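For the record, the sequence lines run as chains A and B.
Count the first sequence with numbering that gives the first Met the number 0 and you get residues 0 to 307, in order.
Count the second sequence with numbering that gives the first Met the number 0 and you get residues 0 to 145, in order.
Calculated directly from the structure, the hints in this document are not laboratory data.
Computed from a predicted model, the values in this text were never measured in an experiment.
Each hint should be verified, as a subset may be incorrect.
Pairs of lysine to any residue residues, derived as SDA-like cross-links and limited to a Cα-Cα distance of at most 25 Å, are as follows [claimed, not checked]: (1) A:73 / B:119; (2) A:73 / B:115; (3) A:73 / B:99; (4) A:73 / B:116; (5) A:73 / B:24; (6) A:73 / B:94; (7) A:73 / B:113.
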Amino acid sequence: MAQYVHPEVLVTTEWVAEHAADPGVRIVESNEDRALYIQGHVPGAVEIDWQVDLQDQVRRDYIDRAGFEQLCRKYGISNNTTVVFYGDKNNWWACYAFWVFKLYGHPDCRIMNGGRKRWDLDGRAWSTDRVHPQQTSYVAPEQDASVRALRDEVLKHQKAGRALVDVRSPEEYSGQRLHMPDYPNEGALRGGHIPGAVNVPWVLSVNDDGTFKSAKELEKLYTKDSRLKRRSPTVAYCRIGERSSLTWFVLKYLLGFSNVRNYDGSWMEWGNCVGVPVVKGTEPSGGSEPHGVAEAAGASVPPAPVHA
Amino acid sequence: MTSVETRLNSIISEFADLDGREKLELLLDFANRLPPLSATYLERKAIEDRRVHECQTPVFLWPEVIAGRARLVAEVAPEAPTVKGFVALLAEAIEDQPAAEAEGLPDDILERMGLAEVLGILRTRGLRSIVGHVKRGITRQFNAKI
């Protein structure tokens, strides 16, 4: 595969610099650290926060359809706006926000390849101006179930022996790491992975400058080394669904997987559920072999995030 | 009221009437005031395990007790200015105050500053764990020196 299957969803920092002020374009920053946007953002960009803006503050779920419509109107996004997401941390949260926008069927979403890091490396200017978008009208459809996997669906998917990809670090996947000694365990009550899930840490999809790896490298990683198949229904998960939204983006748009969903409940839900199957070890079915995919790919995988 | 509480209340009142954006701007001011590590601590950083492993971004903390008085030396990666600002704020609140008072840092500082709503549940929980980390560090040193 010489190039990405949907190359149009990725834009360069150069494209953003040229088009940020276009009336049909809205640039959206989404970060792990909200203060970064205040420190400086792409000129004209608004900030949409994954915790405060995209999640319901009472139920553990996303904002509802009306809430999404209100959010888009407030940030000057119409149904036909090209929305370009970028952020810190290799675009984790940008991909997460992109995914929520797809959950509500927004047609034209893109990612600025490399996010904040690439913008900085390219020596482009940051702005601290307050952005006051003009209110728009926006009508959203109901959630698109084809991008989201809920717990019971994942359970059925697992029982049917279908493809699962766990994008966490090898230590989280094997169940070796759940919480640090001397600290309260704030995540899950059980460590390990969903039986059958292959471990492809998200970090293997990105280069040091935050951009995505080439089509050829991604294809080798996911379809050759990890034996995932483009036409097989696939579910990606991590700890809280953000790292897996990056992998979901890679599989769906860069590699053209026809049926891939993000399990946003991820390990924070699965590792606390009563009666669901869990295995430990480096192998999909549990147990350990000397070499996993991550090691074979020669990657160094960072530790698990906690306040992310 | 102890002197740590007085200092903390004064910091909290600075944040009280600000909107979300202004609160983060003020937190950035704190972040900018956190001094870089001195040569001694840079050396110590290389040999001591001072990284807060719970934080995905590199955060190194030295909660210390010197002659019964507390202080917090810290290094936080620039890509985490919220964490850096909060750590700087804690350092300012306890600097040179009686260790017994620093041990009593409250857990609800972010809520009282109105930052919990700006940051959301998970980030608030992460930062609160830093308060716990600092308090435990001070207690350990305090007990070791009695």
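We went through each hint and held it up to the structure:
Distance restraint check for residue 73 of chain A and residue 119 of chain B: the Cα-Cα separation of roughly 20 Å lies within the 25 Å cut-off, and the hinted pair is therefore satisfied. Between residue 73 of chain A and residue 115 of chain B, the direct Cα distance comes to roughly 22 Å. Compliance with the 25 Å bound is thereby established for this hinted pair. Restraint check for residue 73 of chain A and residue 99 of chain B: the C-alpha separation of about 48 Å exceeds 25 Å, so the hint is violated. Between residue 73 of chain A and residue 116 of chain B the CA atoms are separated by roughly 19 Å; this keeps the pair inside 25 Å, and the hint holds.
Distance check on the hinted pair: residue 73 of chain A and residue 24 of chain B sit about 22 Å apart at the alpha-carbon level, within 25 Å; holds. Between residue 73 of chain A and residue 94 of chain B the CA atoms are separated by roughly 43 Å; this puts the pair beyond 25 Å, and the hint is violated. Proximity of residue 73 of chain A to residue 113 of chain B is assessed by CA-CA distance (about 23 Å); at most 25 Å being required, the pair is judged to hold.
Of the hints listed earlier, those the structure fails to meet are numbers 3 and 6, in rising order.
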